[in-house]
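J.: Using the sequences and the accompanying hints, generate a full structural model.
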Amino acid sequence: MNDYRVSLFLWRVPCGFPSPADDYVEAPLDLNELVIAHPAATFYVRVSGDSMKNAAICDGDIIVVDRAQDPGNNSVVMAYLNGEFTVKRLSQQEDAAYLVPENPLYPSIRVDDTADFYVWGVVTYCIHKVV
Amino acid sequence: MKKNIYALVDCNNFYVSCERVFHASIQNKPVIVLSNNDGCVIARSNEAKKLGIKMGQPVFECEELIKKHNIRVFSSNYSLYADMSARVMNVLAQFSPRVEVYSIDEAFLDLSELNIDDLTDFGHVTKARVLQLTGIPVSVGIASTKTLCKIANETVKKDTHHDGVLDLTTLSDQAMDELLSNVAIEDVWGIGYKYSLFLMNHGILHAKDLKYADEKWIRRYLTVVGERTVLELRGTACIPLETQRPAKKGIMCSKSFGRDVTRLEELEEVVATYTARAAEKLRSQDSLASCITVFVRTNAFKKDSPQYSNSFSLRIPYPTAFTPELIRYALNALKAMYKDGYNYKKAGVYLTKIVPREGIQPDLFSEFSLYNYYRQARLMHIVDAINKIYGRDTLFFAVQGITRSWKMRQSRLSARFTTQWSEILTI
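Top to bottom, those sequences are chains A and B. Those letters in the first sequence? Residues 1 to 131, per the numbering used here, in order. Those letters in the second sequence? Residues 132 to 558, per the numbering used here, in order.
Think of the hints as simulated: they come from the structure by calculation, not from any bench. Glycine included, C-beta positions come from ideal geometry on N, C-alpha and C. Mixed in with the good hints, there may be bad ones.
Some chain B residues judged to face chain A by a derived CB distance under 7 Å, without partners named [unchecked claim]:
no. : residue
1   : SER156
2   : THR557
3   : ILE558
T.: Now the structure itself:
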């Protein structure tokens with residue numbers, strides 16, 4: 001599903017010596033292997049806003065969301081709440097679950113029993129452009 | 132002999148469900164998805180069904196309901212649906228080694244060899260897993276034949292108390308007959324409209340009547356296909372799982388235009404574009420074609436404007452999958468039947484006489500040569516590869532046109548959330 005490697009030009013050596021490395025050729029590193037545990041359940045989502053900046057998720061970053069993982073306490077999740085998607089830390093406290101931002105400028109959101117709420121997926125990686 | 136057990140997993144309102152995975156604002160709202168060119172309703176959320184919107188209804192008939200109930204309307208986004216379908220099928224493959232992808236939103240699973248104690252429980256686990264991993268809700272019908280699976284699934288969808296899963300294998304004969312007596316004959320899998328009229332004339336109104344019909348009589352009038360359906364209703368599996376899709380015998384690309392087209396040059400763009408698309412499909416199944424049919428027609432709904440429709444077929448001397456070659460023949464076919472002065476609304480290209488690539492026969496006397504064949508195949512391979520990586524029509528033939536203002540209307544298209552980086556969901 002995420003694999004689009006197609007050989008357009010195969011290296012052709014019409015004559016000459018075979019490479020001494022031929023027997024040791026390995027597949028190059030593939031970022032997908034690192035960040036995708038469950039291909040059928042993995043989605044990419046762009047984040048806007050800075051409510052999670054202390055969790056290293058910044059405005060414009062692309063997060064990797066894995067729906068196959070069960071959210072644990074304090075997982076960073078993409079959640080649906082009352083008609084909107086949001087990325088927050090899920091915190092199970094004594095009285096209720098909370099969606100906690102990672103930026104002191106934003107308040108925590110209490111998820112009470114009447115809320116229309118579900119966890120869409122667990123955020124596993126964040127792709128942040130440095131330059 | 133071991134009993135056969137199959138499960139049919141069917142995605143609920145699949146196109147609507149795909150849109151819902153990515154649109155937070157439409158979770159419990161009425162939603163519909165339109166056919167190509169935004170013409171008719173082809174998928175409805177349960178809320179939209181309750182409001183009285185019918186399957187296949189032209190959208191202009193629903194405008195009032197749409198406004199009044201604030202129904203969300205989407206153009207069909209096949210890039211998204213195909214990707215979500217592949218994800219669902221991928222999850223289902225974890226539940227059985229033998230899966231038949233029956234359509235974009237349905238799959239049969241062979242459970243015969245799996246020794247599952249509680250099939251209902253298995254159904255619920257499957258359903259929950261697909262929902263969690265992909266966000267798509269499904270229904271599961273389990274039975275000893277594919278025909279009965281279909282019936283189980285229809286029953287599940289009508290009756291909410293099954294909670295999305297129904298196992299018919301544990302039903303007593305009496306309970307099964309009771310169920311079958313509520314299934315109209317035209318809803319039985321494999322019984323087409325014409326056969327259902329014939330059967331109704333002979334007093335066979337429900338699935339139960341067909342189950343107990345004389346199979347010799349059925350065989351005589353409904354052929355062996357009908358007889359198979361009778362046996363399947365009795366619980367004997369006759370329709371095996373097709374885990375490998377047979378290569379298509381005909382490949383069609385046909386669409387109506389976003390507006391009327393009158394000039395030959397524009398129709399040439401259309402026909403060349405549809406031919407290129409069909410040729411792409413042809414190559415993706417490793418085949419070649421040696422017959423091409425082109426058809427054009429005016430808008431049959433506009434009764435007051437002059438009507439014309441025609442089709443033209445050409446034999447190609449040797450099988451090919453080379454786009455320029457196919458386009459050349461397609462345009463000849465078009466020119467042979469094009470008439471000036473009509474408002475054309477739809478065109479199509481149909482490739483037939485399809486043979487697998489391994490079966491090509493070099494010919495001493497015609498222009499066909501293996502040398503040319505391999506050169507052409509290599510060029511097309513590179514074009515396809517580039518278009519796959521950089522997006523459809525990165526490379527195209529000039530005759531296909533650049534602006535293509537005749538392209539179909541998809542004014543309410545959602546983003547390709549899973550197949551284009553520039554269109555992923557932003558939250």
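J.: For every hint, state whether the structure bears it out.
T.: Each hint, compared with the structure:
| no. | hint | in the structure |
| --- | --- | --- |
| 1 | SER156 | 5 Å, holds |
| 2 | THR557 | 4 Å, holds |
| 3 | ILE558 | 4 Å, holds |
In this structure, none of the earlier numbered hints is contradicted; all agree with it.
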